[in-house]
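> Residue-level listing of the chains:
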Amino acid sequence: MNALARSTTVKILQRSEIVYILALTDRARDGGHQPPGTRSESSVDDVNLREKDMTLRRTFLLGTAALAMSAVFSGPAAAQSTIKIGEINSYKTFPAFLEPYKKGWELALEEINKSGGLLGKKVEVISRDDSGKPGDAVRVAEELVSRENVSLLMGAFASHVGLAISDFAKQRKTLYIAAEPLTDQIVWNKGNHYTFRLRPSTYMQVAMLVPDAAKLNKKRWAIVYPNYEYGQSATAGFKKLLSAKQPGVEFVSEQAPALGKIEAGAVVQALIDAKPDAIFSSLFGADLQKFVREGTQRGLFKGRPTFNLLAGEPEYLDTLKDETPAGWYVTGYPWEQINTPEHKKFLAAYQAKWKDYPRLGSIVGYSTLMSAAEAIKKAGSTDTEKMIAAMKGMQMDSPLGKFSYRALDHQSTMGAYVGRLALKDGKGVMVDWKYSNGADFLPSDADVKAMRPAE
Amino acid sequence: MSFSAIFVQLLNGLASASSLFLVAAGLSLIFGVTRIVNFAHGSLYMLGTYTAYSLVQWFGGGIPGFWSGVLLSGVIVGLFGALVERLLLRRLYHAPELLQLLATFALVLIISDFTLWAWGPEDLLGPRAPGLAGAISIAGRRFPEYDLFLILLGPLVLGLLWLLLTRTRWGTLVRAATEDREMAGALGVNQAWLFTSVFALGSFLAGLGGAIQIPREPAVLTMDLSILSDVFVVVVVGGMGSIPGAFLAAVIIGVLKAMCIGIGNVHAFGIDFSFSKLTLVVEFIVMAVVLVIRPWGLFGRSQGAPRAASTEPPLNLPSPALQKLLLAGLIMLALLPLASDRYTLVLMTDILVFALFAVSLHFIMGPAGMHSFGHAAYFGLGAYAAALLFKHVLPMELALALAPFAAGLGALLFGWFCVRLSGVYLAMLTLAFAQIAWSVVYQWDSFTGGSNGMVGVWPAQWLASKTTFYYLALVLCAGGTMVLWRILYSPFGYGLRAGRDSPLRADAIGIDVRRQQWLGFALAGTFAGLAGAVYAFSKGSISPDALSIPRSVDGLVMVLMGGIQTLTGAVAGAAVFTWLQDSISRQTEFWRALLGGIILFLVLVFPQGIAGFIRERWEARSGRSEA
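As you go down the protein sequences, you meet chains A and B in turn.
For the first sequence, counting from 1, position 65 maps to 258 in my numbering; every step adds exactly one.
For the second sequence, counting from 1, position 569 maps to 571 in my numbering; every step adds exactly one.
Calculated from the structure, these hints are not laboratory results.
Do not take every clue at face value.
Once the Cα atoms are required to be at most 20 Å apart in a straight line, the calculated SDA-like pairs of lysine to any residue come out as [unchecked claim]:
#	chain 1	residue 1	chain 2	residue 2
1	A	K548	B	P129
2	A	K366	B	F5
3	A	K570	A	M589
4	A	K412	A	K433
5	B	K393	A	N382
6	A	K433	A	F444
7	A	K432	B	D447
8	A	K514	B	K468
9	B	K468	A	T275
10	A	K454	B	V442
11	A	K296	A	E529
12	A	K315	A	G325
13	A	K366	A	W381
14	A	K296	A	K315
15	A	K514	B	G136
16	B	K393	A	K570
17	A	K514	A	N410
18	A	K315	A	K366
19	B	K393	A	A582
20	A	K514	B	G64
21	A	K454	B	W464
22	A	K366	B	K468
23	A	K432	A	K454
24	A	K548	B	A120
One chain only, chain B, in its complex shape:
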């Protein structure tokens, strides 16, 4: 690369960084103050693009029409955000941690179907920016004027936000709440109003970030999820809640991507390496490196431990009645093949697999207190290990038996880094590792089959019938679930919970908290791998989506839907979610919106989760009869 080429690629990177920064700044603000992990942020961005497309069409061309359309769509999305906060999220601030995540996930589903309904399926390419449609000459190359405008816009917004946060009363309150929101509340700050306004501002930035994209890219229905992971990376690399951090992170990632593209293919030491292909995963590599070196991102600070509100009640041994109920359930499952058709067994096999997957996720999220956003990595590693062992060397039974250990090894490796972090940073590091694993599987054609995956991964002859395979899945998944539950009541499990509830005291009485967490992480990974291996053989094929982000999110949804504070919650969540997806998608064209609606309904009615709700009722009853 010549010097001028490097310079122009630097400008390209800065232009991309600006739009990324706008969206990320909104997410960072919202998280800083409300602690909401807003999955719907990408959807707000998408709404911004679509709204701007329509408004600009409606206002007609010309400079005033275009810019007022862009600004107005930011405002509209901001108002929509305020509405969402007031009508929905406000009801959930006292719910168990992360439940808002489930609510925003439901919003993602609803908004994406709404967009499809309102704007139709085709990509919509908006007009170029009037007045900035041309290109100027820089270093002998033509460079779009609009990109120059974007390069200036990023620092401008950063400056305005900085002024807003440091020079106004509102900004002081926001910073106070970011620092310690209980204390801010105790000092008489009207939190309700503060949260709504912050959410509105964050949404406005997301909407504006989407709107300014129309001269650069078309409005498409997948843009909500494709930007979501990027902005999360930016926010986390910068440090959650830090606006300058988000700006720096956006610049680093934008420029790095442009440089990878600029370098292209390199031939050195007899190896061809394509930096262009590295763009698939470069932001996640950056995030992993940053988090390993700086556990709270570049400009972030240690999050204060949440106060009493979120400590969980201790985990009691299941009551005899519950044990009987579980046993009865197990017997019913064992008898199921006598009274059901083939498809019910296939669906039940899926449910069993996902139940074990969710239970293993709950194992580290609940009792061990480590939220993982990348648990699918271990599910996928197990699935791929099973498929690879089976294809290359081993009979199916042995492949199935060994695959979980491959996943466990992966978890042991990644976990070593992850347990050094906490809270959202830990969650995002698990996500980064999952994406790195995903990209390796996705790219390594000769070994993993690349994006097409592998086919012909069918069970051995004696297990081929759906009934036998169902029993195999039942034994392994129910067995795995019980082992994990049993471990929670072992000294090791008590140690895990001690480490979650009070790391200092646990440390003081001689528990090596980090080691406990590390082993817990590996254990959960192993069982997720078991679920993955069973899954691979039940489907006969395996592809990279087994370890992709949506699979991890499905796991989170299952755990939260069922109730994170109960053991049986993960099972209930997995069953309900899998079954809902299966049955709803058959009923209506807009099944995603319906699924989102049902999840919202569940969140509002059972904030403690399905199993949590049942337990609450149960306890209320037995508490009374004892009295």
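Okay, chain A solo, but in the shape it has when bound:
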């Protein structure tokens, strides 16, 4: 009912805009046909024109009034018969990850409502595009909270957008579940009472790769990373953790290409010239594909074990097809090989609904909305403080297995799959993989407490 009412408002709004624009076009056309010479001669025309101008002005005023009214009346809806969840993401900026993500939460939404909704009400997700800008994200967040009366916010892909929403949530005292942002800051040194985060962070995923790296006992390491916070933290984390495990390790070259603009040939050449024994990379997307192609052609990876965060995620791996660099150590998501009952159930439901296989984004979207639902269920209410209390230490079932949201820093203990890349039937797969539980790859509680601002 409520959704119907809103969509009607939207329709009215659209119609008034169209009338307004049409009126203006009409005028333009009239003006165009008016021969300039005749202007001050015909008084009949004069009256006509004035009338037309009156009409224009009236239409203009009416249009403005209609807009103003729709702005006023589409305000807070009356008694809510649904539970609304606000979702914000950069759909047009990162479509490769976010289309599967959206399919993920849409599946979760369907499942929640099929099983009777929450607290006896239907659940509705109101989704907005932030066009990749934190400023826009904060504005639509305000819209979702004040106009749509959502019970909580979820979403975000890029770290700076996630941080902006998280700070907004703190200011507005609203629960926010960060879905994808990987930055460590969102739960640690810029963490707050109102923000929880689902995905294993940069630090955690680096920590998952370090044991294998240390086992190889290679002395000279070269590092390549996209030059922004994610790549910088991954690099700093890797250097720190590996040096602790393997004293005397050397980092002989560091390349920091701009995100999305790697000069792959030159970078690969510079790495070869540094004569490393092994390579650690946090590239992804187009940068990774260019790096792999140039690196393979120029023989960079021959005899050099290579570690790459995220490269096993279908979003990035599938593009490489038969050029997948075999033997790389990666974190990722081998969806076709996971045989746990919870994952099989998810996979069947996802493939039935979408006729497509899930990417890691699908898992993130699905689990974020499921976390929100669980928080509401456990709290028995949509009161922010009650939901926060419920989420602290909350246990979750997910397609990847059980995890929980830590009371200490609001980070989930969802893990990631760590394994090696291989080629099979002309496409890349992960082999020798294992699930690394996120809980095992976090700094000590004391360290976390020291980083997190006091509440």
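Starting from the structure of chain A, add chain B where the hints point.
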């Protein structure tokens, strides 16, 4: 770096330079003849890559399939370009300057959504070039054969273009039109045909430049914008309209980037410096240096002053009726909180901020005649100054009050260099400075928070409610707008316009044109900074995108949409653009295409801008009643 390493990095740089040159040559040709600043050039490049990917898949592997696919996609993009010129841009040659820029911006939006719709969101990695898939040994290193091919392709295309331009009749006409297109027209050259063919050739080069990338990089949806700034830099460094200049600039930038990567980290005098990180901004540093030393690029020449067609009518004082209307509008804005919900106020605060930003941009673009493509620098400087002052030392109110002056100082510094240039070169120098400022903010983690930016920049308690903050924004932004407008009617403002319309005469009657422009630039920067400071506190956080290129482009779009020749245009443009973005993105998945469509529609129906159109009607009416 050993000698052989330097040599191989040189080859890497040349390979990158070749593909950059192809795309830049097309842009340079188009600009030289039609004077269109083609924002859609990157989109044509992207279409070339995607089309080539599909064609090569379709034709199957093998040498003929691959190369015919690559060539054909260039041709297809060329035809598409011709179509765009005939159906769209042709209608706009008599519109106020820069309006074509707005139309091509709309094309960027439409093409990017079209590509997403047609090819899907995932990156598409094409096959390697058959016959050139391997690597050969050079200086003890394996070097891809395809890169060698690219190194040869650049000079080859340069040679062909040179022959075309100097040895054919068509080329003579192109050069004549580049030199002086009115004169070429007066001598009976069929301009319509010439413009279409030049646009088609330029588009073909862009498409081909995209197509030859498939063995090197995947087709991704962001490649349109990521190459756009690079090719603009190449074209401007080389000198707009100069093909050899574009080639030289591409080589300089390509090689410099490769060398930065090759050098890597340097430890000297106790400081670590990463040349690899410098690749983020090196092309803009090159552009700034070149333009400061050579105001028309390496091989460019002074652009002849445009003839009468583009002089603007004088700026009249607003009529009493308009003044009443503005006052009524202001009163309505002041009363708005009585009748609106919280979100409307938030949206209106955004609109006010962008209105002041657009008005300050219009101040230098319109009356002062200096087109700025990097105005977001001052918006961002204001925002960051506010955030930094607030975080480190000052209460919010003082931070807000002082931040605009930080932006003003920045504008004073950058402006000193910029006002020495004119036209597109000035615009590109502002862009270069904006990018340099952006990269500093983006990299300086310990001070500005780096790419993640800063959070917790909220207004003081008494201003925290949305209504109070709305009033604060209203007072500052409407106030700022009025101050800027008032200045335009002061002797200083008249001097600015005199300097724009006739620098020589202005100089002769004792106006120091350059000084006027410099101060005007700084003033506009200060008010952009004010807008930025209000923006920072309205969002509670700030990140480098506040001074990025897209923000500058948004400002341009607002000014042009509203109408560059009217004062109120910037306000109307800011309001319509911000509101459209907000409401459209909620309605449809393909909102960017819809937004592009609406902008195209506005451009075609109101080439003089929204406010310009209303004024025209108004004047037509009052002109008649007086008679």
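> Does each hint hold? Answer for all of them.
To see whether the hints hold, each was checked on the structure:
1. For a cut-off of 20 Å, the pair hint linking A/K548 to B/P129 is broken: about 27 Å separates their Cα positions.
2. A hinted pair counts as satisfied when its Cα atoms are at most 20 Å apart, and A/K366 with B/F5 does not qualify at roughly 61 Å.
3. Distance hint between A/K570 and A/M589 is fulfilled; the C-alpha atoms sit about 12 Å from each other, no more than 20 Å.
4. Distance check on the hinted pair: A/K412 and A/K433 sit about 15 Å apart at the alpha-carbon level, within 20 Å; holds.
5. Proposed proximity of B/K393 and A/N382 is supported: the alpha carbons are some 15 Å apart, at most 20 Å.
6. Distance restraint check for A/K433 and A/F444: the Cα-Cα separation of roughly 11 Å lies within the 20 Å cut-off, and the hinted pair is therefore satisfied.
7. Distance restraint check for A/K432 and B/D447: the Cα-Cα separation of roughly 18 Å lies within the 20 Å cut-off, and the hinted pair is therefore satisfied.
8. A distance of roughly 52 Å separates the Cα atoms of A/K514 and B/K468; the hinted pair therefore is violated under the 20 Å criterion.
9. About 27 Å separates the Cα atoms of B/K468 and A/T275, which puts this hinted pair outside 20 Å; it is violated.
10. Straight-line distance between C-alpha atoms of A/K454 and B/V442 comes to about 18 Å, which keeps the hinted pair within the 20 Å bound.
11. As the CA atoms of A/K296 and A/E529 are separated by approximately 18 Å, the hinted pair is consistent with the 20 Å bound.
12. Distance hint between A/K315 and A/G325 is unfulfilled; the C-alpha atoms sit about 30 Å from each other, more than 20 Å.
13. Under the criterion of a C-alpha separation no larger than 20 Å, the hint pairing A/K366 with A/W381 is consistent with the structure, at around 18 Å.
14. This hinted pair checks out: A/K296 and A/K315 have alpha carbons roughly 19 Å apart, not beyond 20 Å.
15. This hinted pair checks out: A/K514 and B/G136 have alpha carbons roughly 18 Å apart, not beyond 20 Å.
16. For a cut-off of 20 Å, the pair hint linking B/K393 to A/K570 is broken: about 39 Å separates their Cα positions.
17. At most 20 Å may separate the alpha-carbon atoms for a hinted pair to count; A/K514 and A/N410 exceed this at roughly 30 Å.
18. Using a Cα cut-off of 20 Å, the hinted pair A/K315 and A/K366 is violated, with the two alpha carbons roughly 24 Å apart.
19. For the proposed pair B/K393 and A/A582, the alpha carbon gap of about 30 Å is over 20 Å, so the pair is violated.
20. Proposed proximity of A/K514 and B/G64 is supported: the alpha carbons are some 19 Å apart, at most 20 Å.
21. With a C-alpha separation of about 45 Å, the suggested pairing of A/K454 with B/W464 is violated against the 20 Å cut-off.
22. For the given pair, A/K366 sits about 15 Å from B/K468 by alpha-carbon distance, which is consistent with the 20 Å threshold.
23. A distance of roughly 24 Å separates the Cα atoms of A/K432 and A/K454; the hinted pair therefore is violated under the 20 Å criterion.
24. Taking the CA atoms of A/K548 and B/A120, the gap is about 19 Å. The hint holds against a cut of 20 Å.
In summary, the numbered hints that this structure violates are 1, 2, 8, 9, 12, 16, 17, 18, 19, 21, 23.
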